[in-house]
Amino acid sequence: MSTKPESGLDDLYPIRTVVSLTGINAVTLRAWERRYGLVKPKRTAKGHRLYTRKNIEIINRAIELQEQGIPISQAAEVLKRRLQAGQTVGRVTDEVWRRHQDEMLDAVTVFSEARLDAIYEEVLATHSVQAVIRKLIIPLLEEIGLRWSKADGSVAEEHFFAVYMRNKLGAMFHHRTRLTQGDRLLSACMPGELHEVGLLIFSLCAHEAGFRPVLLGADMPLNGLPLAAVRAGCKAIVLSARRTPSMRVMEVDLPALVRNSNVPVFVGGAAAADINNAVVRAKANPLGKNIDAGLRRLTEHLDKMQTAEA
Numbered sequence: 010m011s012t013k014p015e016s017g018l019d020d021l022y023p024i025r026t027v028v029s030l031t032g033i034n035a036v037t038l039r040a041w042e043r044r045y046g047l048v049k050p051k052r053t054a055k056g057h058r059l060y061t062r063k064n065i066e067i068i069n070r071a072i073e074l075q076e077q078g079i080p081i082s083q084a085a086e087v088l089k090r091r092l093q094a095g096q097t098v099g100r101v102t103d104e105v106w107r108r109h110q111d112e113m114l115d116a117v118t119v120f121s122e123a124r125l126d127a128i129y130e131e132v133l134a135t136h137s138v139q140a141v142i143r144k145l146i147i148p149l150l151e152e153i154g155l156r157w158s159k160a161d162g163s164v165a166e167e168h169f170f171a172v173y174m175r176n177k178l179g180a181m182f183h184h185r186t187r188l189t190q191g192d193r194l195l196s197a198c199m200p201g202e203l204h205e206v207g208l209l210i211f212s213l214c215a216h217e218a219g220f221r222p223v224l225l226g227a228d229m230p231l232n233g234l235p236l237a238a239v240r241a242g243c244k245a246i247v248l249s250a251r252r253t254p255s256m257r258v259m260e261v262d263l264p265a266l267v268r269n270s271n272v273p274v275f276v277g278g279a280a281a282a283d284i285n286n287a288v289v290r291a292k293a294n295p296l297g298k299n300i301d302a303g304l305r306r307l308t309e310h311l312d313k314m315q316t317a318e319a
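With the numbering used here applied, the sequence shown covers 10 to 319.
No lab work stands behind these hints: they were computed from the structure.
This one's a predicted model, so the numbers in the text were calculated from it and none came from an experiment.
Beta carbons: idealized from backbone N, C-alpha and C, even for Gly.
It cannot be assumed that every hint is accurate.
To be verified - Label-pair ranges, simulated between beta-carbon atoms:
| hint | residue 1 | residue 2 | range |
| --- | --- | --- | --- |
| 1 | Lys49 | Ser121 | 22 to 30 Å |
| 2 | His184 | Pro148 | 18 to 26 Å |
| 3 | Asp126 | Ala265 | 41 to 49 Å |
| 4 | His184 | Gly56 | 43 to 51 Å |
Said to hold, decoys possible - Mimicking DSS-like on lysine-lysine, the simulated pairs with C-alpha atoms at most 27 Å apart in a straight line are:
| hint | residue 1 | residue 2 |
| --- | --- | --- |
| 5 | Lys244 | Lys298 |
| 6 | Lys292 | Lys313 |
| 7 | Lys89 | Lys51 |
| 8 | Lys49 | Lys63 |
| 9 | Lys298 | Lys144 |
| 10 | Lys51 | Lys63 |
| 11 | Lys177 | Lys89 |
| 12 | Lys244 | Lys292 |
| 13 | Lys49 | Lys144 |
| 14 | Lys177 | Lys298 |
| 15 | Lys63 | Lys89 |
| 16 | Lys144 | Lys177 |
Just need the whole structure built from these sequences, with the hints factored in.
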C-alpha cells in the first residue's frame, strides 16, 4: 500500500507514515491530539488524517521530552508556546544554550531573581535535569567565576548566583531523593569549603545515575564521617573541594578519614588537579573535576568491590 500523499496534497503524510517515521503508536498519537492538542492534522475528503513535516517534527520532539521524564501534557504546552512565539521546536543547539547563558548572565548582573526564574523554569520544562546542568548551569558558574577573577564581575554577583542555584538545586534534590533505591553515598564539602553548589550538582547527577546521596552540605569536619556513613548505610564517602583545602586537612584529616572508614573515600571538585597527589597519598580515590568521568570512576570502583565480595 502506498504511503505517499494523495494527489493535490503535497508534503502531507498519512498516519501510517507518521507512525513509521516516529515510532509512536497510532492510538497514542490520536490520544495526544485529542487530549492535549499536540498537533492538528489536516483531513482528506473521507476524513483521514494527513500530517505536515512540521507536525512530524513536533511529534518527534514531544517523544524526546517524554523520554526525558517530562509529562506529555507539559511538553505539549511548551511546544505550543514555542510555535506561537515563532521559535523552533527541534533539538537545542549549542548556540541556543549560549543564548540562555547570556540571558541568565544579564539577569545576574542586575541581580534579578525574577528574570533568572523565567529563563531557568522555561529551560527546565523542556529539557532533562542532566542537560540543564551540563549545558547551562556548569558553564554559567564557570563564566561567572572567570568574570570575577578578571575583575569583569563582582563577588556580589558570584554570591547572588550561588545562593540562587543552591536554593533551586537544593529544592530539586529534596523532591527527587525518594525516587530511587540505589546505593547510598555520604556527600559533603571539605572542611573550610563554603560553596556547596558543586556538591549539589554532583549529587543530582549521582541521583540520575541511580545513587541515593545523603547530603551533609558545606564545611564538614571529616572526623564525624565514618560513624555517619555506618549509620546511614552508605557505600562510599564523596567529598567536594572547589578550592584547595588546608595542608592539615589534606595531610592529617583526610588520611585519618580513610583509615577510620569502612567504605572507600572519593574526592573531586574544581580543585581536583591541585590536590590530586595529596588525595592519592591519603589513599583516597580522586574523581577529578568532570562530573561524568567522576561518576564513571565511582561506579566502576563500587562494582569491582561488589564483585570481589560476591
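So, going through the hints one by one against the coordinates:
Checked against the hint of 22 to 30 Å, the C-beta distance between lysine 49 and serine 121 comes to roughly 37 Å, which is inconsistent with it. Judged by the Cβ atoms, the range 18 to 26 Å given for histidine 184 and proline 148 holds: they are separated by roughly 24 Å. Between aspartate 126 and alanine 265 the beta carbons are some 43 Å apart, a value that agrees with the proposed interval 41 to 49 Å. Roughly 45 Å separates the CB atoms of histidine 184 and glycine 56, a value that falls within the hinted 43 to 51 Å.
At roughly 21 Å between alpha-carbon atoms, lysine 244 and lysine 298 fall within 27 Å of each other, so this suggested pair holds. Note on lysine 292 and lysine 313: the hinted pairing holds, with a Cα-Cα distance of about 17 Å set against a maximum of 27 Å. This hinted pair checks out: lysine 89 and lysine 51 have alpha carbons roughly 17 Å apart, not beyond 27 Å. Our distance criterion of 27 Å between C-alpha atoms is met by lysine 49 and lysine 63, whose separation comes to about 11 Å.
Our distance criterion of 27 Å between C-alpha atoms is met by lysine 298 and lysine 144, whose separation comes to about 16 Å. Note on lysine 51 and lysine 63: the hinted pairing holds, with a Cα-Cα distance of about 12 Å set against a maximum of 27 Å. A C-alpha spacing of about 26 Å is found between lysine 177 and lysine 89, which places the hinted pair at or below 27 Å, so the restraint holds. The hinted pair formed by lysine 244 and lysine 292 meets the criterion: a straight-line CA distance of about 17 Å does not exceed 27 Å.
The suggested pairing of lysine 49 with lysine 144 is violated, with an alpha-carbon distance near 32 Å, which exceeds 27 Å. A hinted pair counts as satisfied when its Cα atoms are at most 27 Å apart, and lysine 177 with lysine 298 qualifies at roughly 22 Å. Annotation: proposed proximity of lysine 63 to lysine 89 holds, straight-line Cα distance about 12 Å (limit 27 Å). At roughly 16 Å between alpha-carbon atoms, lysine 144 and lysine 177 fall within 27 Å of each other, so this suggested pair holds.
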